[in-house]
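Number of protein chains: 2
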Amino acid sequence: MQIAILIYDRLTALDAVGPYEVLSRLPDAELTFVAQEPGQKRTDTGRLALLADASLAELPHPDVVLVPGGPGQAALMEDGPVHEWLRAAHETSTWTTSVCTGSLILAAAGLLAGRRATTHWRALDELRRLGVEAVEERVVFDGKLVTAAGVSAGIDMALALAAKIAGEQVAQAIQLGIEYDPQPPFDAGSPRKAPAAIVEAVRAHSRFESVPA
Amino acid sequence: MQIAILIYDRLTALDAVGPYEVLSRLPDAELTFVAQEPGQKRTDTGRLALLADASLAELPHPDVVLVPGGPGQAALMEDGPVHEWLRAAHETSTWTTSVCTGSLILAAAGLLAGRRATTHWRALDELRRLGVEAVEERVVFDGKLVTAAGVSAGIDMALALAAKIAGEQVAQAIQLGIEYDPQPPFDAGSPRKAPAAIVEAVRAHSRFESVPA
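Residue numbers (the working numbering), protein chains in the order written: chain A, 1 to 213; chain B, 1 to 213.
Since the hints were derived computationally from the structure, they do not count as laboratory data. These figures come from a predicted structure and were not determined experimentally.
Okay, derived cross-link-like pairs now, DSS-like style, lysine-lysine, Cα gap no bigger than 25 Å in a straight line:
# : chain 1 : residue 1 : chain 2 : residue 2
1 : B       : K144      : B       : K164
2 : B       : K164      : A       : K193
3 : A       : K164      : B       : K193
4 : A       : K144      : A       : K164
Given only the sequences and the hints, what does the whole structure look like? Please build it.
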């Protein structure tokens, strides 16, 4: 099973690496980080680079496509080679997926028109403007399109997807392998839960988030 | 504030990238991925490479040291340049930390003798054999030594550490920025919660885990 994770400059690393850590452990997974130009992609903080091993042309028909988000998403909203690849890949994929603002790229490529989907909480309005039924849920399945909320939501999405692909026992084994028994020290991970002052601070300042300011 | 994340071949990516995603967003954070030899480090699955931007010698005295785990940990248990760097860095660090089997490296370097610490659930016995008071907790603080359980536990550790470094409001803002409101589809993330058959399968097979088989 071919899994292609699209990466690009100024992506948010955890958007890609969370799902990678789950999906790469599926039986028979052949997971590849792909990019328009293979090589190093510097993440949004500038402090890390991930390597894309293959070009888009090398993986025209992956079974699973995953598009992460991050500030670099803004540079991928115009039609071009990435959109063309996404549209062609989606025609034959089993699952077409995104994390965070990756869904804005899917929407811009024309793959989410009228579909239910999600994104980072700060980007829900933008997703809506792109003609998508944007919902504030952590993981959204709509047919073979699967979208996750911001950044860390990709781990939850990947486990749900792993269960669809290989069964619940395999998904649980992967969850246990990565010891995903989350115990966040605060209950501030969504705008419905965080103190209002924190929500306003994050909405106003780009330091704390991974979507375009 | 200098933060150094040590990487090496066959590390588990999420061990490093989870905490990176949190700690890089601290005010005044200067986070650097370091390695004995700078350059690309291929992760345990072989499917991803992370880039180390600096050598150990370039960051002799970081304020925060973080050591991730993964199968490659086994190659770093003998005394040598990595241990020397860790010992010297620990003398002046504010926090010396690990995720997953990274604590085995800290222990082998002599930094955890008689201390309370944790690691991936499969490696607790090995940590104990290294003279450490190994405990099955998700995040363990013992003075300036902070250790996390397996793989995904690094996110929880980093948020707890962010609160110590910059206050709870900053930590909560980072949590909201990465939308860390975990909703795993299964409650199978620890050996105390997963079905017994899954625990045995993961204990027996290296596919599902990130510690040496």
